[in-house]
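The primary structure of each chain is shown beneath.
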Amino acid sequence: NAGVTQTPKFRILKIGQSMTLQCTQDMNHNYMYWYRQDPGMGLKLIYYSVGAGITDKGEVPNGYNVSRSTTEDFPLRLELAAPSQTSVYFCASSFYPGQGDGELFFGEGSRLTVL
Amino acid sequence: KQEVTQIPAALSVPEGENLVLNCSFTDSAIYNLQWFRQDPGKGLTSLLLIQSSQREQTSGRLNASLDKSSGRSTLYIAASQPGDSATYLCAVRPQGAQKLVFGQGTRLTINP
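Protein sequences, first through last, are from chains A and B.
Just so you know, we're using our numbering here: the first sequence kicks off at 18 and counts up by one.
Just so you know, we're using our numbering here: the second sequence kicks off at 23 and counts up by one.
Next up, chain B with everything else stripped away, as it sits in the complex:
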């Protein structure tokens, strides 16, 4: 059974720092991995989607990497800003599965 873990559950850093959020999964047979952002009281916004054949994806200050063999993905945020404060969730779509498996998320706070 696929399990997805995000550690730490919460992270607080000063503005301007580069930071890394972690996502680990137990079964490397995945179709893709997706990173989401959720602001308090809001829905989930897709940030980056990495297919199983890809190693990384980039969008602006965000870079997501995927290492299937080690069951890990990282979301790198460069030059963090207070507006980056949110909960970040990762989800994997196992191969052949109709449902995604979500991590519990990392609540990120960027302090001015």
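In isolation and in its complexed conformation, chain A is listed as follows:
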């Protein structure tokens, strides 16, 4: 039972490079989320999706893009990486409340450093 899987776990980028953080879940969840957590700080929502083909901005979407072509996958794209994007990124998923109990499950995180 894999749950929410994120890759890569660690990555170092140079300023201006681009990359995609992968997130996949095998629980058939409708809702998926991307958060970032800076050292010693709380979670900030970047983007979320309520189903395939539907995405919306969270609190801190600038510098990121997402897509949701399937129920299982929700990749996060970083364009033109900046030092301010150095953070730990978490993907999470849940059922739509009412379809399930709405419990949120997290991946193990992707630690990104931009130099």
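These are computed hints drawn from the structure, not numbers from a lab.
Take these hints with a grain of salt, some might be off.
[To be verified] Derived, one-sided and incomplete: chain B residues facing chain A with beta-carbon distance under 7 Å: (1) G65; (2) Q120; (3) F124.
For clarity, every value in this text was computed on a predicted model and none was experimentally measured.
We put the CB at the ideal spot given by N, CA and C, even for glycine.
Starting from the known structure of chain A, fit chain B onto it as the hints suggest.
Using the frame of chain A, we list chain B on its own:
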């Protein structure tokens, strides 16, 4: 706008004590409330999920309560152990909302 507060931000207690972590929220119209644990450098692990119609949930030495009318939830940890040291976060899912609202967490240290 829903806001979630966890006080204190940090707590240090000796091993073996029973302790209570607090979570308060400003709007009682919630679908559920969830408690998480986060170890340093790790992801968030779900501990307990309480639906709005429930008053408490228990798992092993953990018991979470929910009082919607007062906007409060508590996480009770019995017979604390050094392995319980972690940051504990609570999050509420407002009714009709697609996004959860997280507290800032309480960093718990259990001293041997």
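For each hint, the structure was consulted:
no., hint, verdict
1, G65, "4 Å, holds"
2, Q120, "6 Å, holds"
3, F124, "5 Å, holds"
Violated hints are absent here; each numbered hint is respected by the structure.
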